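K.L.:
Next come the chains, spelled out residue by residue.
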Amino acid sequence: MERRRPLFLRLGLALCLLWGAVPIAGAAAPHSADTQECLACHVQATPGIVSDWQRSRHAQVTPAEAMAVEPLSRKVSSPNVPEGLKGHSVGCAECHTVRAEAHQDTVEHNGYRMYVVVSPEDCRTCHQEEATQYRKNLMAHAHDNLMKNPLYRQLVDAVNGLQTFDGGVLQASAPMAHTNEDSCLSCHGTDVRVQGTVSRETDFGTMDFAVLSGWPNAGVGRLNPDGSHGSCASCHVRHGFSLEVARKPETCSQCHKGPDVPAYKVYGVSKHGNLYGSLKDKWNFTNVPWVMGKDANAPTCAVCHVSLVVDENKKVLAKRTHAMNDRLPWRIFGLVYAHPHPRDPETHKIVNADGLALPTRLDGSWAAEALIDKVEQDARRKTMQAVCLGCHGTAWVDGHWERFEKTIEETNRMTGTATAVMVRAWKEKRAMGPPDNPFDEALEKRWVEQWLFFANSIRFSSAMMGADYSVFDNGRWSQSKGLREMERLYRSLSPGQGGR
Amino acid sequence: MERRRPLFLRLGLALCLLWGAVPIAGAAAPHSADTQECLACHVQATPGIVSDWQRSRHAQVTPAEAMAVEPLSRKVSSPNVPEGLKGHSVGCAECHTVRAEAHQDTVEHNGYRMYVVVSPEDCRTCHQEEATQYRKNLMAHAHDNLMKNPLYRQLVDAVNGLQTFDGGVLQASAPMAHTNEDSCLSCHGTDVRVQGTVSRETDFGTMDFAVLSGWPNAGVGRLNPDGSHGSCASCHVRHGFSLEVARKPETCSQCHKGPDVPAYKVYGVSKHGNLYGSLKDKWNFTNVPWVMGKDANAPTCAVCHVSLVVDENKKVLAKRTHAMNDRLPWRIFGLVYAHPHPRDPETHKIVNADGLALPTRLDGSWAAEALIDKVEQDARRKTMQAVCLGCHGTAWVDGHWERFEKTIEETNRMTGTATAVMVRAWKEKRAMGPPDNPFDEALEKRWVEQWLFFANSIRFSSAMMGADYSVFDNGRWSQSKGLREMERLYRSLSPGQGGR
Amino acid sequence: MERRRPLFLRLGLALCLLWGAVPIAGAAAPHSADTQECLACHVQATPGIVSDWQRSRHAQVTPAEAMAVEPLSRKVSSPNVPEGLKGHSVGCAECHTVRAEAHQDTVEHNGYRMYVVVSPEDCRTCHQEEATQYRKNLMAHAHDNLMKNPLYRQLVDAVNGLQTFDGGVLQASAPMAHTNEDSCLSCHGTDVRVQGTVSRETDFGTMDFAVLSGWPNAGVGRLNPDGSHGSCASCHVRHGFSLEVARKPETCSQCHKGPDVPAYKVYGVSKHGNLYGSLKDKWNFTNVPWVMGKDANAPTCAVCHVSLVVDENKKVLAKRTHAMNDRLPWRIFGLVYAHPHPRDPETHKIVNADGLALPTRLDGSWAAEALIDKVEQDARRKTMQAVCLGCHGTAWVDGHWERFEKTIEETNRMTGTATAVMVRAWKEKRAMGPPDNPFDEALEKRWVEQWLFFANSIRFSSAMMGADYSVFDNGRWSQSKGLREMERLYRSLSPGQGGR
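Chains as they are written, first to last, in my numbering: chain A, 33 to 532; chain B, 33 to 532; chain C, 33 to 532.
Since the hints were made in silico from the structure, they are not lab data. Treat the hints loosely; a few may be bogus.
Said to hold, decoys possible - Calculated cross-link-like contacts (lysine to aspartate or glutamate; reagent style DMTMM-like; alpha-carbon spacing at most 25 Å):
1. C:LYS351 to B:ASP235
2. B:LYS461 to A:ASP198
3. A:LYS461 to B:GLU517
4. C:LYS326 to B:ASP223
5. B:LYS414 to A:ASP240
6. B:LYS461 to C:ASP235
7. B:LYS168 to B:GLU378
8. A:LYS351 to C:ASP235
9. B:LYS346 to A:GLU233
10. B:LYS118 to B:GLU97
None of the values given here were measured: they were computed from a predicted structure.
Just chain A, same shape as in the assembly (with noise of 0.2 Å):
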């Protein structure tokens, strides 16, 4: 097929080949052809994304130019990126073009074959390793870990589903249409699938475009049209994929600010959180790789969780990686107990000894099979350990964790005697357990915060060492007034009525 294009297309091809040759605010690499074409027209359409890609490494730098660095600072970590690729910047074509036939959601486009939703597998093209490793991250996972699991997709209806109340009595229904992507699928994906295309009027001339439902969206699980898992863009922003927004805690709390996660809120709190806090503008955010001590004096998330971190000796204390399960001994949110992180990062998948989907029985023994070995438990810890130890001694480090791991124990038993007061309820039916929805009745509900906000909050504070979300907010203050709530529900329930 020839492509077609319209007269103002080819002026403003014109036009853009002469820019593309002045120099701009940042732009130093060239452009390929077909991306000035798209800036011809885009410079207008969408200003914000051009200035804000104009910022960007993909603007500034070719592939050839990030692949000559030495291996410690390299970004690119695909040894073979295209011919084609290499040698001009990577801008609107190369990420919307180059892996059309493998996206549902192409459109023809002036000429071009299109996509809108850039996936985990086009960024591969020239990230391989980091794309490889999200794969075996729960969080690609994030939206099939909740929507494929029964009992976790019971907690979805039972927040998510609309009420009534007739006749004095509340009635659950099916939660509407877009709700379940407004909420939990914000963070844990959506399912963005074409439903069709439209014509549009543009200021260009009548336009056909991409229908998509679950759009927008960039959680960490999205189902894209190609067919892959995750976005990229959850963490490197478009269109600017700055290192230094990655690396900045703030990204992280979009998701993880919650009482479920609040990782960010106990980080704020804690030594590390005022540190960066109070100095992080006279810290490096963009050096690879990134050297502790000098670049920075105090851990973000990255640095523990994701980044490659050397000190002032160039030695590496962790290496990259887009698992953050490498790091990570136990899984501490999210399910009833703390246990041992899942060996497949596809929980949806575990069934325990009772036939639930959780990696825990409720008397809290764990699903062994489907998690790591106290071996891998100890390499994990090592690996995290090695980052703590670059700024703290060894007693200060081995104190920590010990205390932490006690925490865990500590938690699953408080976890443990709350769970204790649901099933003697279930039992006695003083509530509807499973297979009845175990998360809709005001008793389940206080037992749910039990583990899923209180629990949480304690280990992530004793994590980080954010004191008071161990104590009064969210933490151990909330856990014991919590069970004596539930003690005083559990009576007033009566026997055999089933919460009603």
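Take the given structure of chain A and dock chains B and C to it, following the hints.
P.N.:
Chains B and C only, in chain A's frame:
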């Protein structure tokens, strides 16, 4: 009346005239003789205020200079600033003496007729358009809309009133005299009234000062001693009048962070807020007009709601407005149900079909004649979307708005369910409804939280994609749990007992 | 004893002496031979610590230089720093070896007698006034004031204790051994004790280290192995000892953000906090004395509570104090009622007329002999107001303080009502009061929240004009709602049943 000037003042003045001729930190514009006389003492009496002002544009630029710039860059909107004010800086005397006749708080002060409380009508001298727009802003009427609405006045009493426990029963009484000012009116604005004058010994001799009730306060709907409403200093903080401060979301957080209006918290965990948090020190907060993509990579509150913003092609994305309503099709917080924006900013004048001072009935139907119609809603939505489209494609923007408006419908339905429980309880005299205070009993307070906290939080979160506040942190989790707790409490209340 | 120095150390030392003569990043002062020897290994063993220190003033300035500046700018308050320490930087050896005799955690370490835990008594060598003042600070006694107060010890047990659910009844038991350290004592300070020594293989051979319980910790009232109380590193964070960090409110947030003491959150939504958030990158956080109006346009925590602050005329607004009480007429948090500040920082020694370790009786009347009198209150209020008056007029300051002190009265009255419900419940044996744990039952926990969370929050908000925390977010809304819920719970408890 001849001005009496004590010797120390005349000496000070002589020094000051000298000093005015000498360049000092940041001061470039000539100061009027009156202002120089003020400074002679106040550099000693209130050095922090003088320092703040010296670094402000008011001290550095004359109105004549400010009026000479091209229209899109002009900050002085009045076409006819009085000649006598044009040629020197905007100093102490220019703000605190020129409208002495209009001010009930004017006192004789070292030969000047001076007032303390500067109002929007004073600022109007140079900033006419902004003052006129602000009058149309709901915020300018925040005091009256709370205190003159009989229903909302009951809410104020229920929150701020004293309570005693006599004979085993809680008894409510009125708030203490200072309480409303320390509480709701801190944001809504106090009624600042002159109670008389007082003589005080100062370092410069005995002087008279106005005695003001309701002072200090910088609430957005403050009633001023010149009869005007509001305080420009709510956002343009004394005495720096900094554009940077007004454009940064921290300023908005003063009144928009709590559970009743969690805009700042939601923004912080939105992608826009993440970017602000990470990159703000690279942005330009003083450029006028404000260039999206160049001066900033993501919006702050001011970008979407107030500022004149353009793209890099100098195309105007949105005109400046100090009547924030101009860009708002919906009112999403503060009332039982979300609804089209009120026509008249004085919402305390609204009466619904049931005779209540509410823009909807308790079943959610609109007091349509008091609200903007669909045509106006469409126009306002377009105005706001033009800002979105500066950086996002049409599919993104349309998908986002469609989801957001579905969430308005959803949260209204869930609020309807909570209100159905409440209305039934009132009918059955399990609680005492209007004309009895409908906000003071345990069940009523649970009902209030359903709409004043949870439904709002979900809507703000949907509007800004700040995910967690739509789920766990005062979001759908709290909404669904709250309903279950309301149901249990409803049942535990005996019919006919009115909550006792 | 002759020091044994292994070969590698002697080689390292030689290199170091060379290195010490070469300018390195930020290092200007000569290092002692001992410190150079430490660095020889530690630049490899703990590079992050060394980097941090190298950028600190301790590495860059000698005490002799620091003592030579004019009095208002001096940071070294001891008039007689030992001669042997004056001429070189304050390095590893200077802090970790000079008081070896006084430290129970001292071990033999490569020929040195070295201790890990540096205490305020070590810092006293150069910072005598600050160490002496800090002893008078309640914070220095935060461990004892919690753990030696029998009533507060019951609160600790009620929050941190394990619970089990046996036979349908909750049973409380003691906290696990690590829990208090992970919880309350994280801020209040642990009891750091030497449990023995351990030999560890290191990169530099086998070495002995002290085994410490209660470690790591940087709580403000830490009990140190040299018998002293507190940790300067709580705010002057290891090993940068940055004045900037200590002056920024993020540092205070570590322990002053939770619902029990929400100072940081309230500050953030106050006008002062708004300005800090917007403008801090333009402020000077290292100037001594700190010039209000020039170095900063609004106070941080340190300005009002700790720092030496002057105005642009060099007039001292407030002298530096590390006994923060000096500027505090009232104690507004942590106890059942607000009350005049205690005379003695060791508040665990207070016994009220009822024999309880509280500064008031349960009816709110003061244990007057333990508290400062009106004269002292007036003096402290004046001290604090002098800071306010640096930037605000008298009417503003007086109006603000009058309102604040009315709010103290108001919140005490509301707490009195909640306490009346509680006392009546105890009398009627609906709950089990003292000597039984008064903090462990459902009603008791509601009562605690009334004063430990809500009344505090309102007072902090009033003190700093951080509006929302006085209304909805743990403010008067929560206080009035909490009372109603206490009343309902009170009625639902059967007399004589003691909460069961």
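K.L.:
Determine for every hint whether it applies to the structure shown.
P.N.:
Tested hints:
1. C:LYS351 to B:ASP235: holds, 21 Å
2. B:LYS461 to A:ASP198: Roughly 18 Å between the alpha carbons, so the hint for LYS461 of chain B and ASP198 of chain A holds.
3. A:LYS461 to B:GLU517: With Cα atoms ~19 Å apart, LYS461 of chain A and GLU517 of chain B stay inside 25 Å; holds.
4. C:LYS326 to B:ASP223: violated, 33 Å
5. B:LYS414 to A:ASP240: This hinted pair holds, its Cα atoms lying about 22 Å apart.
6. B:LYS461 to C:ASP235: violated, 78 Å
7. B:LYS168 to B:GLU378: holds, 9 Å
8. A:LYS351 to C:ASP235: Holds - the C-alpha atoms of ASP235 of chain C and LYS351 of chain A are around 21 Å apart, at most 25 Å.
9. B:LYS346 to A:GLU233: holds, 23 Å
10. B:LYS118 to B:GLU97: holds, 8 Å
The structure shown violates the earlier hints numbered 4 and 6.
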